[in-house]
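Asks: Spelled out from the first residue to the last, the chains are:
Number of protein chains: 2
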Amino acid sequence: MTVVAELLAIGDELVHGAGLDTNSKWLAGELERIGAAVHRFGVTSDDPGHLRGAIAEACARADVVVATGGLGPTLDDRTRDVVADLLGGPLWFDPASWQQIQDWLRSRGRPVPDSNRRQAFFPPGALPIGNPCGTAPGFAVPIGRARFFALPGVPREMQALAGTHVLPAVAALPGLRPVAQSWLRVLGPSEALLGERIAPFMVAGRNPAVGVTAQSGLLTIRIVAAAATREQAEAQCAATAAELRPLVREWLFAEGLLDLPELVVQRLLAAGRTLALAESCTGGLAASRLVDVPGASSVFAGGVVAYGNAAKLELLGVPGELLQRHGAVSEPVAAAMAEGARARFHADLAVATTGIAGPGGGTPDKPVGTVCLALATGAGARAATLKLPDLGRGFVRERAVHEVWRLLLGAGDAAFVAAARL
Amino acid sequence: MTVVAELLAIGDELVHGAGLDTNSKWLAGELERIGAAVHRFGVTSDDPGHLRGAIAEACARADVVVATGGLGPTLDDRTRDVVADLLGGPLWFDPASWQQIQDWLRSRGRPVPDSNRRQAFFPPGALPIGNPCGTAPGFAVPIGRARFFALPGVPREMQALAGTHVLPAVAALPGLRPVAQSWLRVLGPSEALLGERIAPFMVAGRNPAVGVTAQSGLLTIRIVAAAATREQAEAQCAATAAELRPLVREWLFAEGLLDLPELVVQRLLAAGRTLALAESCTGGLAASRLVDVPGASSVFAGGVVAYGNAAKLELLGVPGELLQRHGAVSEPVAAAMAEGARARFHADLAVATTGIAGPGGGTPDKPVGTVCLALATGAGARAATLKLPDLGRGFVRERAVHEVWRLLLGAGDAAFVAAARL
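Chains as they are written, first to last, in my numbering: chain E, 1 to 422; chain C, 1001 to 1422.
Chain E with its partners taken away, still in its complex shape (with noise of 0.2 Å):
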């Protein structure tokens, strides 16, 4: 006996391209963590008939089916209303959530719309789910053979209403299976060739499963575990982990369920260490990522996305000769941006990227894809070039960032040292 899990996200614009569900991976991750298991998602249009039935198919299917988005005052949200038309049943109004409801904007010194009424409406026998982050509160209420909750589509919302309410629920069901997961991140070779290696354990059905994903050049090899308990899962894991490790040596360069940002951000205040950026090709695209993680800004002393010859020179005081030299794109160059950004921002480590993504600028000797690298220490700098695959302005930007990561992680704590790779 397993728990089935299916998600389904909610609104026209994510049928009509204008947005992007992120709500059901998230809850997919969350749901597998604590043992259900998640096989389809869904994405429907806020149109009632083919929202009904979405939601009928998946309640028949699943054993817990989480909706999310279409809570909202706006009359084109119309979950409640759907879910009671399917239950037969007239939405029912509940004063305690309409308090709810008035007194969140009143504390945060908004206008009560007379419209954010409809959202205390719930479909008969529903069980309404608070919410402390906004207006919209969720629902729980049986629907064939699932147990179906209803969440607001805003991600903050969303995740506060599934840790309170749906995620204790689930976890109190039986016949519950633990996934646990390792990730091994691997640059460098092709997906096939990694494949080729690692073939054994690639086969349908095995568990732990192994499966190889590709972002921009940057493999990661997913090991995903299902056992009685979470303990016995996460043992697989390792247990795999340990098997696959020296068949990618050469290549791997970080373990972990973290993002590689979120790793360089944990190492980095592990060490005490302080880190500034100098991005030309990148354009800021590594400072972003570094900011986005909580925690950064005590190790992230701050970066340059300094575009043209001016901003390297009077920003980061690269030498003008060293520029007409060896060009913009070049090893000195590099290294010059990285000891500048790490004298000014009082760094410990600075790293710059120069290079050239694409559509235009490549020439015969520096074609689309080429991209130097240097990190800065106490040490001194050194640089490497690299020849990038020119797949898009995009993919030598973002293959280019997970060598920044690769260049901070992969060196091994001792000093960040450039050394080990460059």
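Calculated directly from the structure, the hints in this document are not laboratory data. There could be a bad hint or two in this list.
[Stated by the list, open to error] Covered stretches of chain C, as calculated for chain E (at least 3 residues, CB under 8 Å):
#1 1245 to 1256
#2 1341 to 1354
[Said to hold, decoys possible] 20 Å max Cα-Cα, derived SDA-like pairs, lysine to any residue:
#3 E:K387 to C:H1326
#4 E:K366 to E:L386
#5 C:K1387 to E:S107
#6 E:K387 to E:H346
#7 E:K366 to C:K1366
#8 E:K387 to C:K1366
#9 E:K387 to C:S1107
#10 C:K1366 to C:L1409
#11 C:K1387 to E:R108
#12 E:K366 to E:H346
#13 C:K1366 to E:A384
#14 C:K1387 to E:W104
#15 C:K1366 to E:S107
#16 E:K366 to C:S1297
#17 E:K366 to C:P1367
#18 C:K1366 to E:L386
#19 C:K1387 to E:L105
#20 E:K387 to C:R1108
#21 C:K1387 to E:L386
#22 E:K387 to C:K1387
#23 E:K387 to C:L1187
#24 E:K387 to C:R1106
#25 C:K1387 to C:L1187
#26 E:K387 to C:P1111
All C-beta atoms in this analysis are idealised placements derived from N, C-alpha and C, irrespective of residue type, glycine included.
Since chain E is already given, all that's left is putting chain C on it; use the hints.
Replies: What follows is chain C alone, placed relative to chain E:
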């Protein structure tokens, strides 16, 4: 008669919450533009049973089904096998596709692993779709009532194959009803307040349909019309936009289907002006969004992520006395940051952000959500203080970036002068 399309994203990493499907969003927009109606998407694991069920169900409901993913060279890529099984026949080998794959790899100086040969096998009756950007060919094959298309999961490869094969094939079907969209961008009111203002437009079944989506305080009014021709649909959108505009005049600051950073780049290009950024609380997020736009380098002079006071002093030349007297989050410091960035990057305009994104750092006087924005032009700098709702670090940073775009877009082309708003 309409042409109903469904999208299916395939991959264990998607249902395990380790990856996000962005392909269906893009395909939905493109398919609707040419006149197919998209009501639902699905996401499914690589598990053969679930994959087979999801493909069979979609092909029973829709006229066109486009699946993405599961065509890679590794053993966890099973789309071709599952489709062959569904069609009750063996896979067949296409030497021409295998040659293309080898040529593609060799032309990039990569080895040709034997496992890539898997990618040249196709289900019975399938038409291979050559891939100019990678090793995974797609294929087209009828399943049930549907034309089924399998495309690779890598977005740039998927988009290339969709553009050359899927969209032209769909565009030739009878019964298309092209869809046009218009978006009005609004900052200021709550979603409920905006919904009340435009309620008569938001009733179910209206054509054009009008909906509202919220993203970190940015409200987008989406107008979606379907008609016999694209021109008619566009005219209907324009008519509804003309009715809505006066109702939201005081909050409206941008229109069109471009993302806001794209609009900013377009306006800067049109005005022949360059922009620099000095970001404290937004930490490179605004710069990164700008740099994502192709062509940004000709208008974006550069930016500084100046978290700490040292960076504000040394890189932007903010007087230490201002920092001491007013604090880093203050209008005088924001103005000095903008002036410093404008001067150092030799830009026509510069915008600075400094604020408290949380979770820590708030005071009774300057709570989390306090953000100072400044705009420097040739005529000097002006600054303003925003009190954004404390809905989390991510919200405050995103909302502050929306305000940067409003600052640049809202004041009109004449001078991008702050006076109009600040």
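Asks: Please name the hints from earlier in the document that this structure breaks, with their numbers sorted from lowest to highest.
Replies: When the structure is compared with the hints, numbers 1, 3, 6, 7, 8, 10, 12, 13, 17, 18, 21, 22, 23 turn out to be violated.
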